[in-house]
Every structure is written in structure tokens, then in C-alpha cells.
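Trainee: Chains as they are written, first to last, in the UniProt record's numbering: chain L, 1 to 111; chain D, 1 to 135.
FYI, nobody ran anything at the bench for these hints, they're computed from the structure. A couple of the hints might just be wrong.
Said to hold, decoys possible - Among the chain L residues that face chain D by a calculated CB cut under 8 Å, a handful are:
hint	residue
1	A3
2	L79
3	C81
4	Y85
To be verified - Below, simulated DSS-like cross-link-like pairs (lysine-lysine); rule was C-alpha separation at most 27 Å, straight line:
hint	chain 1	residue 1	chain 2	residue 2
5	D	K4	D	K108
6	D	K108	L	K46
7	D	K108	L	K36
Positions of the beta carbon are idealized from the N, C-alpha and C atoms, including for glycine.
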Amino acid sequence: MDAQKVDMYIMSNSKYFQSHQISYLRERLLLLDEDKWMMLQTVDLKDPTTILIVSILAGSLGIDRFLIGDTGLGVGKLLTCGGAYIWTIVDWFLIQDATRQKNMEKIQQFL
Amino acid sequence: MTKKRLYLILTLGLIAGYSWLAYNLWQQHAVNSKPVCFFKRTTGIPCPSCGNTRSVLAITSGDFYDAVLINPLGYVIAAILIIFPFWLLYDVTLRKETLYRSYLQFEKALGKKTVAILLIVLILLNWIWNIQKGL
């Protein structure tokens, strides 16, 4: 794909990915076919900050985990009152990275 | 979610669950202290899974009907506590990944809109019932 396009994509979407994955992502995007560009735009990436807010407000019901697609863990959190609230607090610190990881998994299928 | 991570989380969860159950069985006859649930303490209304401990305790003493009345979700937790240790052992000793595959399938099934909506409605109904019971 066009280097300019890739850089534009990286610039506008870098907050959705972990910083150490950016260079790998750039390399893979450069190798990508031009016709995948539209597909890339349609990938539903979750904003880590929004998820953090959800986690703080409704973390004990597991809604943050449901939103990023970790349904199994979400059910676990819901059934245990947010893991006796310990898991909820731990997740305030983990959920942003987990979101970025999930975003990478989502985009991985096009790379 | 990798297989190793899932099994680690499950093992820790099961240990925590059984310790919590043992602690409550040991404390059963003591005077009931404040609720552990942070949600209930801050808002004053019970959360969807409040009463699960009491429900599982009722199951352990054979009061199956009482368990349903307290919180039906207790049955889900009791089933997990009973089945998963054996399933985990089976997978780990025979080096299979049946549990991991089932987990992925379960996540996929929950991703379907109809299943998700049905379960959300059930959880909400249970929550309303919990609030009405005043657990």
C-alpha cells in the first residue's frame, strides 16, 4: 500500500494500538494490497479511554470486558460481583492494554 | 486469550472460589457481618450476583429450593465449581484442549445477537427480582 496512506492511517489510529506494535503494523500495512484499504476502515476499533471510563463506572458488572469482546471473562466478572471488586480494581489498570491487544487481534485478520 | 492464560485464570478463580466457600462454611454460624459486595455497600441496592454465596451454601446443605429463591445464578457457580476442576485436570494431564475450544465456542455463541439479548434480559430480570427481594 501507498506509504503516505499507511502513515496517515498510523497517525490517526495510533492510540488504538500498543506502541511497540506500531512499527510491525506499519511494515505489514505497506505490504498490503490496495483493495484492502476499505476493509481496514471498516474494522471496529475500540477507544481505550472510553473503555477505561466504562470500566470505572460499570466494571463490577463486567461490561468493560463484554465491550472489548472478552465475553468469557465478562461473564466471570458478572457472576462474582466483579471478582469481589478486586478484579474490578485490577482491571482499571489492565483494561486499556487489553483493549489495544484486542484491536490488534481484530486488525490482524486483514494483515 | 491464549490457552495458557485461560487455564491460569481458571485455576486461580477456582482456588479463590473454593477458599471463599470454605471460609463461609466455617463462618456460617457466626453473626452475619456487612455484605462484601462493594456495589451494594455504595448504592444500597444489590448487584445482579448478590446472594450467590448464600445460594451456593444452600446447595451444599441440600436446600435446593431455597437456593433458587435466593439467587438462581448460584446454580451456575456451583456447576462451574464442580465440573471445571475435573475438566481442567483432564485437559492438563492428557494434554488436550477441549476446555479451551469450548471456551472459544462459548464466546462465539454469546457474540450472536439473539443469544446475547436473551441472556441480558434474563440477567436484568434476575436483578430486578434481587432488588425486589432486598437481598
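Trainee: Quick one, are D/K108 and L/K36 close enough, alpha carbons at most 27 Å?
Mentor: It holds: about 25 Å lies between the C-alpha atoms, which stays within 27 Å.
Trainee: For the hint on L/Y85, just tell me whether its beta-carbon gets within less than 8 Å of chain D.
Mentor: 4 Å, holds
Trainee: Please verify that hint: L/L79, Cβ, nearest Cβ of chain D, below 8 Å or not.
Mentor: Holds, because the Cβ-Cβ distance from L/L79 to chain D comes to roughly 5 Å (cut-off 8 Å).
Trainee: Just to be careful: measuring from the Cβ of L/C81 to every Cβ in chain D, is the smallest value less than 8 Å?
Mentor: Check passed: Cβ of L/C81 comes within 5 Å of chain D, closer than 8 Å.
Trainee: Compare the distance between the alpha carbons of D/K4 and D/K108 with 27 Å, and conclude whether the hinted pair is satisfied.
Mentor: 19 Å, holds
Trainee: Can we keep the L/A3 interface hint, with Cβ of chain D closer than 8 Å?
Mentor: This hint is violated: L/A3 lies away from chain D, its Cβ roughly 33 Å from the closest one there, beyond 8 Å.
Trainee: Checking one constraint from the list: CA of D/K108 to CA of L/K46, max 27 Å. Satisfied?
Mentor: 19 Å, holds
When held up to the earlier numbered hints, the structure conflicts with hint 1 and nothing else.
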